[in-house]
Amino acid sequence: MHVDRAVKALMLDDATAAKFTPVYEKYLTELRECRLAMNCVPGMRRNMFLERDNTPTQLAEMTDADVAKLLKEQFAQSRKMLDVREKYYVEFSKILSQKQILGMYRMERNNVNKFRREFDRRRGQRVGDGYRQRQKDCPFRK
Numbered sequence: 004m005h006v007d008r009a010v011k012a013l014m015l016d017d018a019t020a021a022k023f024t025p026v027y028e029k030y031l032t033e034l035r036e037c038r039l040a041m042n043c044v045p046g047m048r049r050n051m052f053l054e055r056d057n058t059p060t061q062l063a064e065m066t067d068a069d070v071a072k073l074l075k076e077q078f079a080q081s082r083k084m085l086d087v088r089e090k091y092y093v094e095f096s097k098i099l100s101q102k103q104i105l106g107m108y109r110m111e112r113n114n115v116n117k118f119r120r121e122f123d124r125r126r127g128q129r130v131g132d133g134y135r136q137r138q139k140d141c142p143f144r145k
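Throughout, the numbering used here is defined as the position within the sequence shown, counted from one, plus 3.
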């Protein structure tokens, strides 16, 4: 699904798409593995120290050592993701132009932002509010 969207957005011809698709799939898989690796840290939630719903009491319960450990793990994860991006940049450069690569990275960033906004929107709703809220907000129902 992501690969098909990328191929269409980059307007690749069939030959280029055939070369690009397996490389892009591997790239997405490695990025996903980097993100999932952080979730596997025992007793820690991914990006726990960056979550918006952390209350001062939750942060106050953490020791400085816990916070330092989380920060170091986040730095390590960021390094791994950067290494993957640099590795595949070389591969993408063999297939795509630099403008196409930039477009691909922008599309990736836009998708992340779009998913984050949707997640935040859904998290803000109470269970069961979805349908009624949509009906109430509908401009045609006034």
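Don't read these hints as lab results, they were simulated from the structure.
Heads up, a few of these hints could be off.
Label pairs and their in silico Cβ distance ranges [stated by the list, open to error]:
id: 1; residue 1: 90; residue 2: 12; range: 14 to 24 Å
id: 2; residue 1: 68; residue 2: 21; range: 46 to 56 Å
id: 3; residue 1: 92; residue 2: 68; range: 30 to 40 Å
id: 4; residue 1: 5; residue 2: 74; range: 45 to 55 Å
id: 5; residue 1: 12; residue 2: 32; range: 14 to 24 Å
id: 6; residue 1: 119; residue 2: 92; range: 21 to 31 Å
id: 7; residue 1: 4; residue 2: 84; range: 17 to 27 Å
id: 8; residue 1: 64; residue 2: 105; range: 13 to 23 Å
id: 9; residue 1: 74; residue 2: 4; range: 14 to 24 Å
id: 10; residue 1: 79; residue 2: 125; range: 41 to 51 Å
id: 11; residue 1: 64; residue 2: 21; range: 22 to 32 Å
id: 12; residue 1: 118; residue 2: 29; range: 13 to 23 Å
The beta-carbon is built from N, C-alpha and C at its ideal position, and this holds for glycine as well.
To see whether the hints hold, each was checked on the structure:
Under the hint 14 to 24 Å, the C-beta atoms of residue 90 and residue 12, about 22 Å apart, fit the expected range. A hinted range of 46 to 56 Å for the beta carbons of residue 68 and residue 21 is consistent with their spacing of about 51 Å. At about 36 Å, the beta-carbon gap between residue 92 and residue 68 stays in the expected band of 30 to 40 Å. Distance hint check for residue 5 and residue 74: the Cβ-Cβ separation is about 30 Å, which falls outside the suggested range of 45 to 55 Å.
Checking the proposed 14 to 24 Å range against residue 12 and residue 32 shows it holds: the Cβ atoms sit about 20 Å from each other. Distance hint check for residue 119 and residue 92: the Cβ-Cβ separation is about 24 Å, which falls inside the suggested range of 21 to 31 Å. Between residue 4 and residue 84 the beta carbons are some 21 Å apart, a value that agrees with the proposed interval 17 to 27 Å. At about 43 Å, the beta-carbon gap between residue 64 and residue 105 misses the expected band of 13 to 23 Å.
Checking the proposed 14 to 24 Å range against residue 74 and residue 4 shows it is violated: the Cβ atoms sit about 34 Å from each other. Between residue 79 and residue 125 the CB atoms are about 30 Å apart, so this pair departs from the stated range of 41 to 51 Å. Residue 64 and residue 21 have their C-beta atoms about 53 Å apart, which leaves the hinted 22 to 32 Å range violated. Evaluation of the 13 to 23 Å hint for residue 118 and residue 29 yields a pass: the beta carbon distance comes to about 21 Å.
Comparing the model with each numbered hint stated earlier shows that hints 4, 8, 9, 10, 11 do not hold.
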